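Colleague: Going down the list, the protein sequences come from chains Z and G.
Residue 241 in my numbering sits at position 241 of the first sequence, with consecutive numbering throughout.
Residue 298 in my numbering sits at position 298 of the second sequence, with consecutive numbering throughout.
Fair warning: there could be bad hints in the mix.
Unchecked claim - Taking beta-carbon pairs under 8 Å as the criterion, some of the chain G residues facing chain Z (in silico):
1. D119
2. Y212
3. E218
4. V219
5. R221
6. S230
7. P234
Said to hold, decoys possible - If you anchor each label on the Cβ, the simulated ranges turn out as follows:
8. G:S223 / Z:R12: 27 to 33 Å
9. G:S223 / Z:S164: 49 to 55 Å
10. Z:P239 / G:L36: 40 to 46 Å
11. G:G32 / Z:H293: 52 to 58 Å
12. G:P224 / Z:A168: 38 to 44 Å
13. Z:Q211 / G:Y212: 22 to 28 Å
14. Z:T104 / G:S263: 35 to 41 Å
15. Z:R105 / G:G303: 32 to 38 Å
16. Z:L185 / G:Y212: 58 to 64 Å
Honestly, the hints are just simulated from the structure, not real lab data.
Predicted model only: the values in this text are computed from it and were never measured.
For every residue, glycine included, the Cβ atom is placed at its ideal position computed from N, Cα and C.
Now for the letters of each chain:
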Amino acid sequence: MAEVALINATKRFGDVAAIGDVSLTVADGEFVVLLGPTGAGKTTTLRVIAGLETLDEGAVRIGGREVSKEAPALRDVAFVFQQYSLYPHLSVYDNMAFPLRSPTRRVPEDEIRRSITEIARMLHIDHKLQNKATRLSGGEMQRVAIGRALVRHPSIYLMDEPLSSLDAKLRQELRLELKRIQRDLGATMLYVTHDQVEAMTMASRIGVLKQGKLVQLGTPREIYEDPAETYVATRLGQPRINLMPRRLFPSLPTPSSAETIGVRTEHLKIDRHHQGAARVARIEHLGDQRYLHLSLEDHSIVTLAGHDTDLDVGDSVALQLERPLFFDRDGMRVRP
Amino acid sequence: MNEHSGTISIADKAAATPRPVAVRVRGLSDKGIAWLFVGPTIVLLLAINIFPLIWTIYLSFTNYAANRSGEVKNVGTRNYERILNDADIWAAMQATAHFVIWTIAIETVLGFALAYLIDKKFRGHGFWTTLLLLPMMLSPAVVGNFWKFLYEPQIGLFNYAISYLTGIDRTSFQMLGEVSLAPWAIVIVDVWMWTPYVMLICLAGLRSIPDYIYEAAEVDRASPWRQFVSITLPMSMPFIMLAVLFRGIENFKMFDLINLLTSGGPGSTTEVASITLKRAAFESWRTGYSSAFAIILFVAVFGLANIYVKALNKVKQR
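With the rest of the complex left out, here is chain G (with noise of 0.2 Å):
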């Protein structure tokens, strides 16, 4: 732009003060420019975000099925009602909660100590910590498939290696078919898959504590209790936190997994929320009543994340 009315005094003065970035574009203000550049992301966010939120909560309150033409009707919050009073609805919430709280529970603990361990820097630790990491990185669907295969009665290595233990039978029980014993099953493969990823985010907490507040502890004659309890252990909470809200979100609407392994058998023992609502949604096609469901679900996990959230932070500023 300016071509023809480039003059030297013009020329001079705008060396000497350089002229907003709006001015060279083609008269766009800055504004304009922030827009264009963070338009296309915004755009992208509400049609593939918020719109299919938004028309969700429409669909839920209507009578809508995915399958059938017909007409559209608005039915108020009879949906929500429903779920309200569905006992399979309860029971899927309660399968959840099993999954959720003692998945997280034993990652914790478990992730957490091998951080520790990982931590002390031992000879070949690099190597251990990458063979404690392989589980982690392989997909959902390999992990169910093959664990299906350990947890087979007749071949599995699973039901072998229990009975060369303790010597029952290994055939005399599975782990997949069992009422008892299913809901425990998905807790070891996710125990086994994701504990890695508990320990990595420890581990990234256990690395950040200077050496020297350490070093302080030892002369102020902290034994190494003490200073695991009052440096180790709060120091390393934030992360702590963390690690469980991922995991706590992650395995909140679990799916994959489970619906290889179990597919939400034996009866309805494994079938968590996320296994529900896909049989409401998509086998029998009541697709208002699966909306609300997933919205209760959306509703309920943001405003535990939350909570949660705010704990975190009150944790981190002490």
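Bound-form chain Z, shown alone (with noise of 0.2 Å):
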């Protein structure tokens, strides 16, 4: 395992620049998430550090070493692609030794049986190793991907949305293996995603994209309480953060250039003992938890309720906000 770092990468398609003058190092024994959504140079990143795709400016640095002109190779990064890029006419088996076996690897025979079945047996894919590559489901294929590039020790291993096409179920089972896997290996990781919940519960930092710039780099905590601008706030949480018009709230003391409010939906409190200028509008019921949606004016707004609300649709209420976050005109955060 290694340090990895891009140093003012920017990478153009045409007149587009898919990453422009992005700078990220992912330390060794890291797990760095990258989130954004289709389009903003997630894919991209990755494949810049894997050498897939060349550099049209800056450096990619693995352990130090400058391997921006190296084939990918050289680089010794494992990559686990969206599709399941299994080689299809070999065994599952033969698919996870398929890296070992390169003449520049020399792995003996019985070494790579060892590992095969190591990393088989955590992603329980062990009973399957006989079987074709193509006689699997989606979600074993995806498994045999991911293990594929567990059986090698590379500087780092990048994942591009490895289990956006699983079920949810084996999303959540294989989340947990793979961060338990990441942090047992010490294994230095790079991975793309766009569901919120995998970068919240894997990462040790995320970084967002936004059309090709890092907006934002920092613990899963610092994203989601401290977001450095509207578009970051809104990747993380469900129901999203409430963004609302400084108007609505005369009464809030605010700094002078803000012009949105943004509050997260735990922190939007409802005192149902007063009347408000707010009105209920439609209760979502979810089983563990209520989602309340109110209407202020033209906006609607929403909030969590617990069980024992008494509340209905039409009645009024007066609302509080807990630890309001500011955003000026551009969406970019004020602090008081």
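Take the two lone chains and join them into the complex the hints point to.
Modeller: Shown next, in the form of structure tokens:
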């Protein structure tokens, strides 16, 4: 394992900069998650580190060594693709053995067998080792692809939404498993996802990408509680953070340039003993909790309500904001 | 229908559950309508495919000759016995085997190699693809005729090119006129004409391999050769086999090109099965005998193709 760094990396496709001036260091043994919507440059960032794309500007360093000009094979990275990139005519075992059987590696066959058996057990595919790769379910294929990366001990594991094609149950299971494996191996990992739960639960640090720029990098807690702009704030949290114009709360003390007030659902308290300006528009029952949809003038606001709530549609309530976040006209954070 | 019984309640019911097509079309059942659609095709198929086949089987057991009137006698399996003991027939089968095996071997190797090059997407690859595909789009009659000119010892470009490259006198050999060269002359023409076809199928195979598999292999440190052997070749194998199947069947019954180029000559060195068949049927007018030969060829091709398709499916399932 090693430290991996991108320094002022820019990659253009035609006139479009897929990533622009991105600097990012993944420390040895760290699990960094890149978060962002489609087209934000997450995958390109991974591909640039792997050497599947060459940088237009900037540099890639792996373990302190400049590798920008080197072929993927020489960079000692493992890559898990979003699609099941298995070798279809090979068995599961041979698929996992494929990287180890490279003539440049010279891993003895019994050593290969040992590590495949171990990893396969971890991923619950040990009973499928002799199957053809094409005779597997989608979830199994992706676990084989992950396994093929894990049998190696590369400088860094690069994973491009490896769990996105799996069903919810398996995704949750593998999420925990991957995190555990990463911790056990002390693996350096750069992981791309648009799933905020994966980002929050797995990452040591989260990097949020916006149109090819890294807009914030920090621990999940920092990103969640202290977002640098509305874009970052809306990436995390379910339901989404409530963004409301400042004029809705005239009595709230705010910094002068603040235009928008952001309040997470759990920080929006309802005072039902006071009549207020907000009206209950809809109540969603989710079993363990309830989403309360309120309308305040022409804005809709979502908050959480406990089981014991006796609120009904049409009731009017007063709102209390805890720990509000302020953003200026451009959506940038303003601190009081 | 039901114009007179169309009361409000019935109309309501009809709106709630759409009535089956059969009820709406003059009391025909759904199955009846299905037959109505498939019927004409089946009749046509019976008339131009199945009936001639059965009739040919019948004729193959008779001494029928199409140019003679007179009694048609049932001769049992005598036609078949004669064919299997006929040295000319076996010579024809050998000529066919030579033609089929060599054309397939050369076309597959060349076609795949060309497809591999074209797939590299160099500048202007579209133009080159089109250019390479041209021979395949010509009519065999045209190809046969102008290759005859190309093979002319005096004025032919082929002989000129050979003599230019090797220094051999261009009038010292005749591609179509010599026993040792004629079988290769027809192989060359077929390769020229049909390699693009094999290339096209192989290209489809190569294009069906997703890029990320190669990228995964690259990250996994597979050399270009290892990528070729463990990804490119096995993943395009079903396509290659399909091309071989198509060319095999086509060339087994190859007639037009060879008939134009050599008419089976010199002697009978390029007399492939289909030419022998045509001679027996329309020159010697031994209709019963040639029918038996046609049936034997049919069974042979059918059997081989079946075995081959089974193998193909096995490769596909891997």
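Colleague: Lying within 35 to 41 Å: is that true of the beta-carbon distance Z:T104 to G:S263?
Modeller: violated, 60 Å
Colleague: Does the hinted range 52 to 58 Å hold for G:G32 and Z:H293 at CB?
Modeller: With a Cβ separation near 57 Å, G:G32 and Z:H293 satisfy 52 to 58 Å, so the hint holds.
Colleague: Between the beta carbons of Z:R105 and G:G303, is the distance compatible with 32 to 38 Å?
Modeller: Violated - the Cβ-Cβ distance for Z:R105 and G:G303, about 48 Å, lies outside 32 to 38 Å.
Colleague: Return holds or violated for the Cβ distance of G:S223 and Z:R12 against the range 27 to 33 Å.
Modeller: The hinted range 27 to 33 Å holds for G:S223 and Z:R12, with Cβ atoms some 30 Å apart.
Colleague: Holds or violated: is the Cβ of G:R221 closer than 8 Å to a Cβ in chain Z?
Modeller: Hint on G:R221: holds, closest Cβ of chain Z at ~4 Å, below 8 Å.
Colleague: Per the hint of 58 to 64 Å, is the separation of the Cβ atoms of Z:L185 and G:Y212 within bounds?
Modeller: violated, 25 Å
Colleague: Holds or violated: G:V219 as interface residue toward chain Z, Cβ cutoff 8 Å?
Modeller: holds, 5 Å
Colleague: Does G:P234 pass the interface check with chain Z, least Cβ-Cβ distance below 8 Å?
Modeller: Because about 4 Å separates G:P234 from the closest Cβ in chain Z, which is inside the 8 Å limit, the hint holds.
Colleague: Has the hinted range 40 to 46 Å been met by the Cβ atoms of Z:P239 and G:L36?
Modeller: violated, 58 Å
Colleague: Let's test the interface hint: is any C-beta of chain Z closer than 8 Å to that of G:E218?
Modeller: Since chain Z brings a Cβ to about 5 Å from G:E218, closer than 8 Å, the hint holds.
Colleague: Measuring from the C-beta of G:D119 to each C-beta in chain Z, is the shortest one below 8 Å?
Modeller: Nearest chain Z Cβ about 18 Å off; hint violated.
Colleague: Was the hint right that G:Y212 lines chain Z, CB cutoff 8 Å?
Modeller: This hint holds: G:Y212 lies near chain Z, its Cβ roughly 5 Å from the closest one there, short of 8 Å.
Taken one by one, the earlier hints fail for this structure at numbers 1, 9, 10, 14, 15, 16, listed in ascending order.
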